[in-house]
Amino acid sequence: MGGIKTSIARKVAMALSGLFLVLFLAQHFTINFTSVVSPDTFNEISQFMGTNFLVQAVLQPILIFGVIFHFVMGFVLEIKNNSARSVSYAKYNGGANSPWVSRNMLLTGIVVLAFLGLHFYDFWVHEMQVKYIQGDMSGLNEAGEFRYYEETVAKFAGQPVRVAIYVFSFVLLMLHLLHGFASSFQTMGVNNKYSKGIKVFTKAFAIVIPMGFVFIAIFHYLNNL
Amino acid sequence: MKLNLKIWRQEDAKAKGEFKNYQLNEVHGDMSFLEMLDVLNNELVEKGIEPVEFDHDCREGICGMCSLQINGEPHGPDRGITTCQLHMRKFKDGDTIVIEPFRANAFPIVKDLAVDRSAFDRIQQAGGYISVNTSGNTQDANSIPIEKDKADMSFNAATCIGCGACVAACKNASAMLFTSAKVSQYALLPQGEVEATDRVLNMVAQMDKEGFGNCTNTGACEIECPKGISLENIARLNREYLAASLKG
Ligand code: HEM
Ligand code: SF4
Ligand code: FES
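So the sequences go chain by chain: A and B.
Numbering-wise (our numbering), the first sequence opens with residue 58 and increments by one.
Numbering-wise (our numbering), the second sequence opens with residue 27 and increments by one.
Check the hints yourself; a few may be wrong.
Derived coverage of chain A by chain B (criterion: at least 3 residues anywhere in the stretch with Cβ under 8 Å from a Cβ of chain B; other residues may be distant) [stated by the list, open to error]:
id, region
1, 154-167
2, 191-197
When the alpha-carbon atoms are kept at most 30 Å apart in a straight line, the in silico DSSO-like pairs for lysine-lysine are as follows [as the list claims (entries may be wrong)]:
id, chain 1, residue 1, chain 2, residue 2
3, A, K148, B, K174
4, A, K250, A, K212
5, A, K253, B, K73
6, A, K137, B, K137
Calculated from the structure, these hints are not laboratory results.
Here a beta-carbon is modelled for each residue, glycine too, at the ideal position from N, C-alpha and C.
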């Protein structure tokens with residue numbers, strides 16, 4: 058991150074990495090949603106994503122780099138911004154001129170980061186273990202059927218605490234994106250006659266996609282009561 | 027009306043400041059905020075107390091000198107105005123008003139409520155100008171046709187009075203709204219095109235060097251700006267900056 062030295066360059070890097078994560082989020086949601094409508098499709102896509110060389114060896118490292126870059130840059134910017142005002146106001150009325158979500162990106166981001174920790178532990182670590190440590194690339198369980206759908210459902214079935222954590226985290230992700238998605242366009246210099254439409258689209262996305270993830274988690278929980 | 031004032035007092039840039047409480051018993055709704063402070067200062071002088079230092083000059087909203095963070099907002103609770111244009115009728119009998127200097131490391135305190143905003147001058151000097159040969163055969167500016175839309179946008183950007191409310195309002199103490207207005211006012215005109223690349227690179231570099239924070243698009247600056255400078259200018263600054271960086 059040493060090469061990106063000016064305030065605007067850092068901001069643009071932040072926006073680009075954020076937009077990249079938004080794209081990933083849309084793709085991730087689409088795949089997860091198949092688990093609600095068609096377990097077979099979900100299994101097939103999971104096996105494809107889990108064994109495809111391009112996905113595993115190229116896209117996955119890019120994604121991990123993107124996440125790390127985004128939150129590290131977020132911390133760097135936040136530290137710089139806080140140090141631009143060492144003596145803070147005794148009375149500060151932030152709500153008078155700016156939305157809460159725009160002033161608390163670090164807070165919402167940190168919750169998402171903590172969630173990503175749990176999420177990695179839940180799914181990614183397990184996949185890495187089965188595929189690359191045990192060397193089982195078949196994607197099958199002992200009965201010879203695809204294991205992805207049942208493993209995913211098992212994470213939520215009878216697990217109210219995990220479901221609650223997922224719901225909470227995705228609400229915070231929604232708040233993060235309510236500001237972040239539209240903000241990234243402004244940062245890229247887009248503020249014109251299309252901006253109204255962009256705001257509507259980004260706000261809709263910020264609500265629909267995270268709430269969609271919430272729906273999937275609750276669906277599998279309720280479906281297996 | 028009667029008012030309780032909680033005012034930041036600080037001897038000089040290095041001293042440790044603190045809040046002092048004052049009471050005023052006869053404030054009229056028609057007074058401006060600065061007139062109210064004049065009344066306070068008269069009382070303080072009569073009592074042999076050092077008057078409160080605050081910046082002001084034109085007292086009609088055009089010079090940008092008056093500052094003050096009033097109850098947590100630059101220029102107080104009203105919109106589209108400077109502190110000299112703020113009327114006391116915006117407050118109620120018995121109110122406590124907290125008055126602080128604009129806070130940003132790039133705006134060091136001179137004394138009490140007065141801050142040094144010369145960082146803005148240095149940003150301006152880094153590129154907020156055009157170079158014209160005035161040897162005698164200079165072309166009349168009016169002979170260069172300019173689109174009405176662009177002329178209006180440039181004019182609007184040029185109405186920035188450099189008051190610093192944008193920095194004071196921003197949670198990051200960012201000077202992007204000010205800098206974007208100063209870049210936009212030239213970027214929109216043919217006269218400004220010649221030096222466009224260096225201008226934006228140098229002004230942003232100076233802005234960073236002064237220690238202002240990064241923009242996070244909260245929009246607080248636009249809401250608090252007395253001249254209605256809009257976020258479109260910041261988007262333009264970002265575009266100009268990206269284009270200039272690619273050119274080198
Ligand atoms: C890993 C934890 C995360 C942290 C700590 C984090 C932190 C931040 C911070 C501090 C900002 C800058 C705030 C600003 O400039 O206003 C930001 C912006 C942004 N974030 Fe995140 N974030 C995280 C995860 C995510 C995820 C998962 C996504 C998308 C799915 C995302 C999308 C965005 C977007 C689009 C922006 C806007 C960039 C801009 O304003 O130009 N972030 N994030
Ligand atoms: S942009 Fe507005 S708030 Fe900022 S210095 Fe100019 S006039 Fe003041
Ligand atoms: S004193 Fe000139 S703008 Fe307020």
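So, going through the hints one by one against the coordinates:
1. 154-167: holds (count 6)
2. 191-197: violated (count 0)
3. A:K148 - B:K174: violated, 43 Å
4. A:K250 - A:K212: Distance ~45 Å between K250 (chain A) and K212 (chain A) Cα, so the pair is violated.
5. A:K253 - B:K73: violated, 57 Å
6. A:K137 - B:K137: This hinted pair holds, its Cα atoms lying about 26 Å apart.
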